[in-house]
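K.L.:
Sequence:
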Amino acid sequence: MHSSAPVTNLNELEYVNGKVYANIWKTRKIAIINLQDGRVEGWIDLTGLPGSQDGDPNSVLNGIAYDAKLDRLFVTGKMWPWLYEIKPIPAV
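Residue numbers (this note's numbering): 159 to 250.
Read the hints as simulated data drawn from the structure, not as lab findings.
All C-beta atoms, glycine included, are put in the ideal place defined by N, C-alpha and C.
Mixed in with the good hints there might be a few duds.
Below 25 angstroms or equal to it, Euclidean Cα-Cα: the simulated DMTMM-like pairs (lysine to aspartate or glutamate) are [what the hints assert, rightly or not]:
id : residue 1 : residue 2
1  : Lys227    : Glu172
2  : Lys236    : Glu170
3  : Lys184    : Glu199
4  : Lys187    : Glu170
5  : Lys177    : Glu243
6  : Lys245    : Asp229
7  : Lys227    : Glu170
8  : Lys245    : Glu172
9  : Lys236    : Asp214
10 : Lys184    : Glu172
11 : Lys177    : Asp203
12 : Lys187    : Asp225
13 : Lys245    : Glu199
14 : Lys245    : Asp225
15 : Lys187    : Glu172
16 : Lys177    : Asp229
17 : Lys184    : Asp214
18 : Lys236    : Asp195
19 : Lys245    : Glu170
20 : Lys184    : Asp203
Label-pair restraints from in silico Cβ distances [claimed, not checked]:
id : residue 1 : residue 2 : range
21 : Ala163    : Trp240    : 21 to 27 angstroms
22 : Lys184    : Pro208    : 25 to 31 angstroms
23 : Ile247    : Asp225    : 16 to 22 angstroms
24 : Leu171    : Met237    : 19 to 25 angstroms
25 : Asp214    : Asn192    : 32 to 38 angstroms
26 : Asn175    : Asp203    : 16 to 22 angstroms
Please put together the full structure from these sequences, using the hints given.
P.N.:
If you want it as structure tokens, here you go:
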């Protein structure tokens, strides 16, 4: 799933187990970036999260936090009423 095309509009960045997770501004996607070569090696698609589909263009994914002690990943967004704990799963 490597891509050679540049990814633009990186917004919130978070270091997670040797990788950088970066949400793409005004989308519901997080890029997983390899620190060794800077390539995107995976994506997290958060399209189905409630709060991200209300039609408000300002209600976008905007926060990523990693709790290394308990190995937990949290996301939220501008104007979202909730904070979500997520567990990324590999695509099939």
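K.L.:
Would you mind marking each hint as holding or not holding in the structure?
P.N.:
The hints, checked one at a time:
no. : hint                                 : verdict
1   : Lys227 to Glu172                     : 15 angstroms, holds
2   : Lys236 to Glu170                     : 12 angstroms, holds
3   : Lys184 to Glu199                     : 20 angstroms, holds
4   : Lys187 to Glu170                     : 11 angstroms, holds
5   : Lys177 to Glu243                     : 18 angstroms, holds
6   : Lys245 to Asp229                     : 10 angstroms, holds
7   : Lys227 to Glu170                     : 21 angstroms, holds
8   : Lys245 to Glu172                     : 15 angstroms, holds
9   : Lys236 to Asp214                     : 10 angstroms, holds
10  : Lys184 to Glu172                     : 17 angstroms, holds
11  : Lys177 to Asp203                     : 17 angstroms, holds
12  : Lys187 to Asp225                     : 20 angstroms, holds
13  : Lys245 to Glu199                     : 17 angstroms, holds
14  : Lys245 to Asp225                     : 12 angstroms, holds
15  : Lys187 to Glu172                     : 14 angstroms, holds
16  : Lys177 to Asp229                     : 14 angstroms, holds
17  : Lys184 to Asp214                     : 11 angstroms, holds
18  : Lys236 to Asp195                     : 31 angstroms, violated
19  : Lys245 to Glu170                     : 18 angstroms, holds
20  : Lys184 to Asp203                     : 13 angstroms, holds
21  : Ala163 to Trp240: 21 to 27 angstroms : 32 angstroms, violated
22  : Lys184 to Pro208: 25 to 31 angstroms : 18 angstroms, violated
23  : Ile247 to Asp225: 16 to 22 angstroms : 18 angstroms, holds
24  : Leu171 to Met237: 19 to 25 angstroms : 21 angstroms, holds
25  : Asp214 to Asn192: 32 to 38 angstroms : 33 angstroms, holds
26  : Asn175 to Asp203: 16 to 22 angstroms : 19 angstroms, holds
Going down the numbered hints, you'll see the structure goes against 18, 21, 22, while the others check out.
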